[in-house]
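The task is simple: from the sequences and hints, build the whole structure.
Protein chains: 8
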Amino acid sequence: MLARVASGELTPDEAAAWLDEVPVLNRDDIEPDVEREARTGQPEVIYGLGKTPTQVVAVARALLRADVRPILLTRATEEQVRAVREEIPEAVHHEQAGLIVIRSSDQEPSGRIAVVSAGTSDLPVAEEAALVAEAFGLRVDRIVDVGVAGIHRVLAQVPTLERADCVIVVAGMEGALPSVVAGLIPCPVVAVPTSVGYGASFGGLAALLGMLSSCVPGVVTVNVDNGLGAAMAAHRIVRR
Amino acid sequence: MLARVASGELTPDEAAAWLDEVPVLNRDDIEPDVEREARTGQPEVIYGLGKTPTQVVAVARALLRADVRPILLTRATEEQVRAVREEIPEAVHHEQAGLIVIRSSDQEPSGRIAVVSAGTSDLPVAEEAALVAEAFGLRVDRIVDVGVAGIHRVLAQVPTLERADCVIVVAGMEGALPSVVAGLIPCPVVAVPTSVGYGASFGGLAALLGMLSSCVPGVVTVNVDNGLGAAMAAHRIVRR
Amino acid sequence: MLARVASGELTPDEAAAWLDEVPVLNRDDIEPDVEREARTGQPEVIYGLGKTPTQVVAVARALLRADVRPILLTRATEEQVRAVREEIPEAVHHEQAGLIVIRSSDQEPSGRIAVVSAGTSDLPVAEEAALVAEAFGLRVDRIVDVGVAGIHRVLAQVPTLERADCVIVVAGMEGALPSVVAGLIPCPVVAVPTSVGYGASFGGLAALLGMLSSCVPGVVTVNVDNGLGAAMAAHRIVRR
Amino acid sequence: MLARVASGELTPDEAAAWLDEVPVLNRDDIEPDVEREARTGQPEVIYGLGKTPTQVVAVARALLRADVRPILLTRATEEQVRAVREEIPEAVHHEQAGLIVIRSSDQEPSGRIAVVSAGTSDLPVAEEAALVAEAFGLRVDRIVDVGVAGIHRVLAQVPTLERADCVIVVAGMEGALPSVVAGLIPCPVVAVPTSVGYGASFGGLAALLGMLSSCVPGVVTVNVDNGLGAAMAAHRIVRR
Amino acid sequence: MLARVASGELTPDEAAAWLDEVPVLNRDDIEPDVEREARTGQPEVIYGLGKTPTQVVAVARALLRADVRPILLTRATEEQVRAVREEIPEAVHHEQAGLIVIRSSDQEPSGRIAVVSAGTSDLPVAEEAALVAEAFGLRVDRIVDVGVAGIHRVLAQVPTLERADCVIVVAGMEGALPSVVAGLIPCPVVAVPTSVGYGASFGGLAALLGMLSSCVPGVVTVNVDNGLGAAMAAHRIVRR
Amino acid sequence: MLARVASGELTPDEAAAWLDEVPVLNRDDIEPDVEREARTGQPEVIYGLGKTPTQVVAVARALLRADVRPILLTRATEEQVRAVREEIPEAVHHEQAGLIVIRSSDQEPSGRIAVVSAGTSDLPVAEEAALVAEAFGLRVDRIVDVGVAGIHRVLAQVPTLERADCVIVVAGMEGALPSVVAGLIPCPVVAVPTSVGYGASFGGLAALLGMLSSCVPGVVTVNVDNGLGAAMAAHRIVRR
Amino acid sequence: MLARVASGELTPDEAAAWLDEVPVLNRDDIEPDVEREARTGQPEVIYGLGKTPTQVVAVARALLRADVRPILLTRATEEQVRAVREEIPEAVHHEQAGLIVIRSSDQEPSGRIAVVSAGTSDLPVAEEAALVAEAFGLRVDRIVDVGVAGIHRVLAQVPTLERADCVIVVAGMEGALPSVVAGLIPCPVVAVPTSVGYGASFGGLAALLGMLSSCVPGVVTVNVDNGLGAAMAAHRIVRR
Amino acid sequence: MLARVASGELTPDEAAAWLDEVPVLNRDDIEPDVEREARTGQPEVIYGLGKTPTQVVAVARALLRADVRPILLTRATEEQVRAVREEIPEAVHHEQAGLIVIRSSDQEPSGRIAVVSAGTSDLPVAEEAALVAEAFGLRVDRIVDVGVAGIHRVLAQVPTLERADCVIVVAGMEGALPSVVAGLIPCPVVAVPTSVGYGASFGGLAALLGMLSSCVPGVVTVNVDNGLGAAMAAHRIVRR
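Read top to bottom, the protein sequences are chains D, E, V, R, X, Z, Y and F.
Quick note, the first sequence lines up with residues 1 to 240 if you use the working numbering.
Quick note, the second sequence lines up with residues 1 to 240 if you use the working numbering.
Quick note, the third sequence lines up with residues 1 to 240 if you use the working numbering.
Quick note, the fourth sequence lines up with residues 1 to 240 if you use the working numbering.
Quick note, the fifth sequence lines up with residues 1 to 240 if you use the working numbering.
Quick note, the sixth sequence lines up with residues 1 to 240 if you use the working numbering.
Quick note, the seventh sequence lines up with residues 1 to 240 if you use the working numbering.
Quick note, the eighth sequence lines up with residues 1 to 240 if you use the working numbering.
Please keep in mind that the hints were generated in silico from the structure rather than gathered at the bench.
Model, not experiment: these values are computed from the prediction.
Every residue gets a Cβ at the ideal spot worked out from N, C-alpha and C, and that includes glycine.
Covered stretches of chain Y, going by a simulated chain Z footprint (3 or more residues, C-beta under 8 Å): (1) 32–40; (2) 43–53; (3) 222–236.
Right, dumping it as structure tokens:
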């Protein structure tokens, strides 16, 4: 810490702020789980909620130092975005998805997935899934606005869907789209419920329960609004 | 009461059993709401759960006396069925649907509906809907096994669906079928969630929430397993 | 896009903003389901929650171009309202209901419904139902402040209710009004629970469960606060 | 204990069974809260669920010895009923209500309540309320089958309701009746939700939430199927 | 309306605002249920949530005109308070309870209740109960800070509690206080759960369920934070 | 039908029973979705709950006739098992898993998965997953009794886990095992919550919510006790 | 296995039954986590639900062989009890608590706890806690029938409570007792909600939420009906 | 009060504000439960939510006057912090934990605990636990960032964990960490679920249910985000 102040990397005030802010952190503990990539092929992701900008930057720096890639910051607040961008210029911010990505430069696409979403309101979650998948080196076909109310529009996309190694289906409200898609194609289908809706949607619960109860066995589900998790599941599936 | 014992309609023992069983009933109170038919065009239905066979027969008799038709007994237990059949020979029992019907003899069909169900396990509820609708004088097209996992089978039924004045859609698990159907045809769609499923279906809750959250505005919903209610709604809709 | 910039319809900045905002949209995908009206007699509705003003305007324009009517925008935010009004002058904004309507000019009233609400706090939902019904060409009798605590006021409205082809009943708290109304008249009754209440109302859940559990079979229910859905159901019912 | 065996009150076998069954009970601990009547004017009630017949008889005897009256055993199982009747001949069993009552002989009626129930299936709970109230010396008017679907039947009972010092309203399904009744009369209204219903009734939850959310402030509620509690509340209210 | 503008009671602008705001209100419909006092001895209460200031003032005026007293406005927003105070100078605002009261001048105290609360955070609800009870002419003993964690403080209040005709117990968190109080005294106990707490309190659900499950039969419960309802129940109980 | 009776395939009594039992089935409708295998590579599965033995046999026969393999009957009742075994001798019944399997004879193993379960009580679900996976031609390593309470036993299994193309993790109670496993290996992890537990487990809800909330993004989840779905997901993943 | 058959420990039939029953168990995997005692000072407990008698006996034998003590089998079914008693004569069965215990012979009491229960219906859970604590070598004071409805009876037990190193409080319904007890004494208080109650108790949920929301910080809670867990927590606390 | 104004401790305005704000408080009632420390060894804690700054300061002063230590104010709002600091200079504010502490000067450390947290977002709750424990005189080892996704990091902390007299484990999301920790060490483990997470985490419910359902009997749980309660439980455990 002193060294970084000495070198001008941190001002004394910043250092003081740091010490004030994270009193429970041993200086060594800030090192995130940098070996996770070695074990699982996927690095630790920085989850923005409930972290201070200082904490977010510290974790990102530690991952950078350990040559982990991609570095992902999800559910980033405005202040976190500003802090990361200032400190790490190569960080790219995707506003709709609330996502910051630091990629390696030399990645080869290693597979192809489709990200299907039922309505325009589902786009932030769909984009989180698509961008994370791309950060992990997958090609992504984006298919939007194909809700079950207009079933012919789903059917029109079957050729694209059949080209995918894995399909992520993002839907709110009654969450019916994954069952329809999974009944049409043979590849793995990862369902993502969204919190789009009101009243009996109960913040995505209706879609979540519907997807878990799907009449097509083989559909798998992730948490509400969890585009990140769907993309990382797709990456595990496709890269084999 | 005494008169009925005197005339042999009741044995003294039956009368005693009666008095023992329904101590809180004034003899006049047993008269059900026989004027409901006059007000709403639909008579009071006898709901079997929690009633003794003696109570069920008493209400049925009172409705018979008031010339109400059809008389419907839903969720009938075996004992209730036996008691009603003994006392009222014209009562017809439908086992799969757990329903007893006493119809008028001279009804003219007054409209046409379709009852669509997603899976074989949904048949008891679908049959309740279909039989009640027929008891109210509607023609019924039954369409089975058209779950969203095989969407082409739904599409193949569009001509039949378009012929209907109202469509009842019965589905458990994720309850996605009503949205698909309502996106294909212009007539009213009444959705009936069923308790078919397990785990995250929570006894029909997943299907119920899904139907209430349908992405097709205009779908209306009744209670879980409530084929009766769907049929009576269809009757209100069609007979106008 | 370039053409529209060239023609001055969009400034280059607006075009850039657009591209920045909806990166996942192929330019063709923005076309909404314009054939839904042909299939179901009811066009796609624009649901405001979670959409940017740009997205809302884009969908509205696409529907306009396809000569779809009425065009409805529900749960519109202030920014969406401003954006739509600037771009589409014939759009009419109804503040209490949070609704924007673009109607066709030459519609003939095709039936009559009643919209009944239990309390003044239920008015925004009741108005959404009434305005949407009018946008679809129905005549609407509005009946307010007839909660079950003053049952004589419900009874006083029976003559008006009997004149309707369909009655929409809007109620929060215990949601008892639909059962009372449906016990008095023969036409279809569509129940709309509202989120009015607190504590054990659980944001409309009490009213919703009450309506689904109605002791009058034949009452049908839509989602909490879903005046739109009730009106579209009424339209499907009445226009036959 | 030895004394009771010596005196022939207990056989040695019964004593052994006792010792085997209630190893954790100090012999003194079995004395129930016999002073509760002195403090609250209402003795401890024996709640049958989860108790052995031996335990039930032991508590009843202890209350008898302490001259507490009435002694009430609710939710009695068949075995408990048999055990109590053998040991305590003055115990009266009410089958429909699942209740055993031991009254004092010389009670004067001290007030008048009405117990109103919405449907025949609600009778067991209504009877529990009525019988417990009578055991506490209240006169009870029983009014049955006055659900909100036939609102005129409620209105016809207003004269009887106005005569009461307190009204207990028992209703399942949507639980709307207490609001209607409380809007018609000035006396206290105690609402009892019942578990009658299925699906969205969730074992009485719909009725419970509805009653708690009543649009008539001043309605008070007890637990689902808790006729006992309603009657004891009425007794507290009326005897003042 | 024109008359009121002519007389200067309303400016033309106010009249226009009015017409704009409440288009669905027939001018006659604004009359609230002024006969409720005649039927139940308690006038309609104005519930502030979801109403505009204009609507609130209109209802208050209508009640004033009908000589109804007391007039109560609960859950009043700042804007509603301002609007009512400007228009009706005799209205008294109680900030902690979020309550406006317009009393009659000549009321005689007609009974005595106690309002007991478990913690300082429960005071707004307790005050709502106490002030409403006073508005209905009851004397109120306020007892605060007697949570079950310091049980001797409850016991120290028994003499005051025994003097009451009815006790209102207000408690959040585990909601245990009503059972303790009801086990000590013979008068009616009305339990009010509050939303004080976090996590497993689920906005008052823990306290609500606890009170409904009270081991003392005879405790009655109202909705979460419903001090108003408890006071009106107490008034019904005490005035007999 | 007549032809089959004529040929002796059905006795007249069986035919009559059939007609009595499935009145709503057109004879053609009984054909299940035999093309599903062509579309998705996985045939329709027969879900036993709520079906009569006759219905189950009819569907199995139709699938047999269409040369679909494997044929799976899950959650088979004793009566269904007896009926199927009598009619289709090549059906193999697995009692612990409640599963009937009819396999093709000439399947080549096409990949390898591991099925991990936390406790002995989870074995029925784990076996359903393992047997279904084997029916689809996968090799299965079964790993049992590796709950997180003895974390070293999980670690000891890492070499086996790393050999798998996909890992299914079956766990009840707190459902923590999938997160631990997914943090150790790179392949896809499908989590199956079980209903093992009591109280706060709420029939598997605790495990389900835990798995959906996993701190390892990329874990995917299926319904409670849904070993079948996990296996079919694994098959979709591995066969690519 | 063969060795055990050869030695007569198992008959060939038993061996076959075994192999048939636990096909997924490698013979080595049946070894339970015998090192848990070394790590935590508490051996693995056998949880009966969902296990076959054969599995239960196998685990018990493995623990016996490893000299683990005490061996506990909770929630034992009748068949499991019979099987264990036949095979392991030193096993003691406690019927009320549904518990089997195999203790070491030479244990010294190492501390003292109190187990307090609110009502007679809570005894099975209280006994499970007391017996398990005794199996771990603790002295146990049992205090029964001290519900909050009779608060003086709690106060009378303070001297006994103050003697304890840890108090376990078992209560159903509103679960208020732990807060009262913890407000009176300084030692650790472990709260055990029970499923005693009905309706709004929701199988122990009311008591559970109440205990978690206790107004006395420092109360800790275990799962519903989890007497076992409370005792093992007490053992961890006291033995230090 | 007058004395304090006279002495200048309060300005007349402050006194007026006081009287206005706490009208229901008898001046004596403001005395908090100062004897709680004598009974339980732990003083009453001031819970900030729902209290005005004036109320908070009043309670703190009363505790100061009674020589109670430590004085703790949890969930303090900014205004409360400002008010307390102005009036009581020795109060120390910990921002991350939302906690104010007034300690005695001469406390001796009396034991050692560890506070373990799974992720950086759990730090505010972990800090609340650690700071409260320190205020009660315990030494605290803080261990951070040891989620189950990187299980080796948990294992690396076993030596520190084994040194503790009690371990507090703070975790959100699936809440799996307490089971893992409790399976490794013999001392008491207090689990604290946090509201970190989204969707199926339901504000900490997933973690709470998971901890209550822990497969390691003996884990005890406190309310969501209740670091305070965990620390006070640890103090009760350790100080014996």
